[in-house]
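With the hints as extra help, turn the sequences into a complete structure.
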Amino acid sequence: MTVLQTTEQDNSIALRRDVKFLGQLLGNVLIYEGGQELLNKVEKIREVAKILREHNNQDIYEQLKSEITSIEDPMRQQVIRAFSVYFHLVNIAEQNHRIRRKREYQQQEEVNIQPGSLEKAVSDLKNSGVTADVITKLLETLSLELIITAHPTEATRRSVLDIHKRIADILQAFEQKSVTKREREELEEQLFNEVMILWQTAELRDRKPRVMDEVANGLYYFDETLFEVLPHIHQELEDSLKRYYPEQQWQVPNVLRFGSWIGGDRDGNPNVTPKVTWQTLTKHRSVAVRKYRAALLNLRERLSQSTKRVLILEDLVQSVEQEKQLLPQKKRWRVPHEVYRCKLTIMLHKLEHVGQEGGYKQADELLNDIKLIQKSLRLHHPMQYELKSVRQLIRQVELFGFHLATLDIRNHSGEHEAAIKEILYSVGIVEDYSSLTEKEKLELLSGILQDPRPLISFTEDYSPETKQIIEAFQMIKRAHEEFGKRSIEVYLISMTQSASDLLEVMVLAKEAGIYRLHANGEIESYLNVAPLLETIDDLTAGPKIMEELFQLDFYRKHLAEQNDLQEIMLGYSDGSKDGGTLTANWKLYKAQQEIHDMAKRYNVRLKFFHGRGGSLGRGGGPLNRSILSQPAETLGDGVKITEQGEVLSSRYSLYDIAHRSLEQAVSTLLTAAAKVSSEAEQTDIRTSQWEEAMNIASKEALAHYQHLVFEDPDFLTYFKQATPLPELGALNIGSRPMSRKGSDRFEDLRAIPWVFAWTQSRQLLPAWYAAGTGLVHLIKKEGSLSLLQQMYKEWPFFRSTIDNLQMALTKADLMTAKNYTSMVEDKAIADRIFGAIEKEYTETKEAILQITDQEELMEHLPNIQSSIRLRNPYVDPLSFFQVELISKLRQADEEQADRLLQEVLLTINGIAAGLRNTG
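So the sequence shown is numbered by the numbering used here: it starts at 2 and just counts up by one.
Simulated from the structure, these hints should not be mistaken for laboratory data.
Model, not experiment: these values are computed from the prediction.
Among the clues, some could well be false.
[Said to hold, decoys possible] Ranges between beta-carbon positions, derived for each pair:
no. : residue 1 : residue 2 : range
1   : L717      : Q892      : 19 to 25 Å
2   : F22       : E860      : 37 to 43 Å
3   : A203      : S464      : 55 to 61 Å
4   : R185      : T843      : 49 to 55 Å
5   : R833      : R104      : 38 to 44 Å
6   : P863      : R185      : 29 to 35 Å
7   : E472      : R557      : 39 to 45 Å
8   : E73       : D827      : 56 to 62 Å
9   : N696      : E860      : 46 to 52 Å
10  : M197      : Q64       : 28 to 34 Å
11  : D214      : D894      : 28 to 34 Å
12  : D894      : E95       : 38 to 44 Å
All C-beta atoms in this analysis are idealised placements derived from N, C-alpha and C, irrespective of residue type, glycine included.
As structure tokens, this is what we get:
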């Protein structure tokens, strides 16, 4: 047994120790709050649930049900909260365990480099014969952008997450080998206090978060971890390249960035107004300025070198002389020969007055000042011991500027069409724009975009909706002037169905001066207009839509202003809701292939933006696996992925976890892109036989999925009654409405509540349903088992798809799910539809076990398999409580309803924590 294996075994013991210790502390809290009776009741339910998991016996099932139904409020609420809080503590312990494992690797790194680390990626490239020149060229275009979205489904309050962080910090303090007995006792006391505070904190929000609350939540992660982690990732990559390719001079460009939708996503959210977006940009800048101020203060404290001792760069001395008049005498640094401190004092003043007279106008001005200091330091400080704090600050300004995070703007194509229709009617160009054919629309819009004259003179006569659309584009123009062009770079169009959808946005941009045509035919364009392809039909039409645009001369000139880069967003949520997970994933893959091949003919580079949710039913999963599942040839020009919901707190609340997640993502992207750096290698990534197999499986799965979801007249009744869908709206987890237009139609239901409701009922239908039908068809009718097994071993896309399916099947639990069918009023509907779900589950599971050559699901990831199994006995009671309470709530009078609803919401919160998934 190796040292590392021994260490991992010890770590597993350490995790169980942490969970047991936190459980004991929670037990002490329960005794304090509800007496021994409360603890005994919780332990009794847990024990019966555990036995039920082991034996699946009807008598034990009835015993558990009896235990739960016999509890009355207020003890019932306390029991529910006990299980919920327990999951919060287990999640923290598991995060701490990941940090522990990472540090163990670092301690052994002379003999063991951690898989997924940046050093491992660079080491593998070196060993594979990839040259420094290839890597240098690759880094010029390689980029990974992660976008915090405007609809987080984080069910946990910020106050509760703050407590989680304090508990995590205390657990990490226990790891220090130098901790004394007395210090350990103090830490145990602190830990008990935090668990007690967690118990005594209300976990449910009293109101829906406002957009600016969501903005603050997003900025929390920049403040806590991302502002520090991103420069460190770049520095580690540079250090690894220097270590393995010492003959090359390395300066790693900025390959990893974060952006945001929060405060910019107008689609279906009337609360996101131009005013709110402006407030968001202002907030972004204030966080960036505050972080820079702290860094400059730190440098001023440290850089006390005197011209009496060292030679200072003359340009730096001159800059101090020229700018010192910006400050009154009493605010200047009092020791003139401490030139760095004099300069940094001036820089702090200019930072304080950003955008004002005497202040920095652009982040590049701050960057140039820091680089001037760096250049001067190199005159008297050894290069090999260069101050990394200065290099880090340079990287931070390059990454974050004064905008902190680029804000994407998004709106629905229908909103733009309605505004264009009204504008064109009011200026007498066309009576009814919407009635035109697509060809007629393209001709009309192309003519407007090739005419330098404006359409709009006055906006007073337009409807409030059109006025707000116009104001949104005017706000973007002002934002570019105030915050810089990096503040808003992309405008996304939801439900893009035709080329005219993009040209409508360009016309609106033209009216605001963001797109300009000069008399000599030259074009200025400062906004990347990006389609969002969401439904199965839109994904199929994607290549044709984009080719129509690439054939337009003025559109190509617009792209030239974007460095010939077209961004295209792919929606995983609606595609999955529309056609099932297997078909949606394959259509997404094919759309990328086809658009990429077409764009290559026009010499247009593409950046695909993957709109993945946090949960499996919305394209979620580990970040590095998301990258590997894309067609490899599409990775070279950059990848953009959404980060949402509970993913944010699980990945980015703690520095070490954030670092691990991001280094895995960057190393995966670097390695995958390097493999396809030559044309010859690209042809070996997949075979036509594999693609044909996926075409067949996708077609079969789509028909089976739509037969249930769209053709069964009772399906919607089952969905609404056998899940907590009607109750989710009261959870107050986002500023957006649950459905578009406030409609009850399935088409208008957002993907988040669709997935959230199925997850809560443990059916997880969006994450796996109908995939089995497609796979079984291949195995039984086509005799393709050996082919599928080969695809699983050799094709990253197929492996990722299958692994996500088996993760979903492992998290789904039909024993518990069957209990939810008791809420369906018509028993015949419940039995028929649940029977179909049960049959499909069994077939999907059997097919995956055959393809992966496993005896049990998730055998290849025993840690995750074990975690899910250990959680189930604790989730089960919450599911029983949920069914019992929802059944009562749906029959309750107004007086009882409020109290019952609060308890239902507590179960929703607890199950979300237990499964680590919402929507």
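Comparing the hints with the structure gives:
In this structure, L717 and Q892 meet the distance hint of 19 to 25 Å, their C-beta atoms being roughly 21 Å apart. A hinted range of 37 to 43 Å for the beta carbons of F22 and E860 is inconsistent with their spacing of about 30 Å. A203 and S464 have their C-beta atoms about 42 Å apart, which leaves the hinted 55 to 61 Å range violated. Our hint of 49 to 55 Å for R185 and T843 holds, since their Cβ atoms are close to 50 Å apart.
Hint check: R833 to R104, Cβ distance near 53 Å, so the stated range 38 to 44 Å is violated. Range check, P863 to R185: about 31 Å between beta-carbon atoms, so the 29 to 35 Å window is met. The given range of 39 to 45 Å is broken by E472 and R557, whose C-beta atoms sit roughly 30 Å from each other. For E73 and D827, the Cβ-Cβ distance of about 30 Å falls outside the hinted range of 56 to 62 Å, so the restraint is violated.
Range check, N696 to E860: Cβ separation about 29 Å, and the 46 to 52 Å hint is violated. Checked against the hint of 28 to 34 Å, the pair M197 and Q64 passes, with Cβ atoms roughly 32 Å apart. At roughly 33 Å, the beta carbons of D214 and D894 sit within the given window of 28 to 34 Å. Look at D894 against E95: about 42 Å separates their beta carbons, and that is inside 38 to 44 Å.
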